[in-house]
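As a plain string of letters, each chain reads:
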Amino acid sequence: MPTPSRQSDATVLTITNSREDIDRAESGLLDALTRHGYPEAARFAVRLALEECLVNAFRHGHKGLPPTTPVKFSYQVAPDTLIMEIEDQGPGFNPEQVKDPTLDENLELPSGRGLLLMRAYMTSIEYLGRGNRVRMVYSPKAVK
Amino acid sequence: MPPSGASRLRVKHMNGVTQVEFIDRNILDEANIHQIGEEIAGLVDAAPAPKLLISFSNVDHLSSAALGTLITINNRVKNRKGQLRLANIDPQIYEVFKITKLDKLFQIHDTAEAALASVT
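Chains as they are written, first to last, in the working numbering: chain A, 1 to 144; chain B, 1 to 120.
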């Protein structure tokens, strides 16, 4: 179960790879976005990016680790900016090594689109630490 | 949300075309996506040259894992010399197809009627 520790609009959660945990975390974040007046398109974008990031963390970041290994998810919501960070406990990865899934030769590959979608829907995204911590920033005014 | 173990699809067969709708509004959960893939694969394998229409009329969200399953289904249909059409995709979700350029890979129609009319 996620353990909230709130300070104004900042939230830090520990999430395991269960639908219950993920839904609860998403629901809290989406409620916060609604309270701050983010439109439906923003909620769609943020939910998609968060889903993709969590799948990457659990499926790839935690490959070889016990399935109960949690990730840390924190976010800070202000009316003009959302900052999210997801930190897994894996060895990290280099996003430059991910193939471009939009190239004709990769179009029929069934995986490898998560990072593309995160980049497309977020205002900025960067990998920190050893490549196991992702910071995503979304600004409704900077919608692409 | 359907009970655990129940089908995640509504399926009807009409004029030689198998029409599939999703029961889930959100196609995000990996286990559900796996089940959906298995169920549709069973439908594809049930016909020698399957004609399949997948409608997204109930769908609000989907993940890249769901897109991956659609690609696998598309490959399976092609291998059996069948036809796959997608229809009724919400504009926000259609944008996901455009970003990933999968709008080039799939035959997507605004309505189920238009999709059915394109099946030969």
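Watch out, some of these pointers could steer you wrong.
[As the list claims (entries may be wrong)] When the alpha-carbon atoms are kept at most 16 angstroms apart in a straight line, the in silico EDC-like pairs for lysine to aspartate or glutamate are as follows:
1. B:K98 x A:E40
2. B:K104 x A:D21
3. B:K104 x A:E108
4. B:K101 x A:E108
5. B:K101 x A:E40
6. B:K98 x A:D104
7. A:K141 x A:D23
8. B:K104 x A:D104
9. B:K98 x A:D100
No lab work stands behind these hints, which were simulated from the structure alone.
Task: Hints that the structure is at odds with (numbers, increasing) - done: 1, 2, 5 and 7
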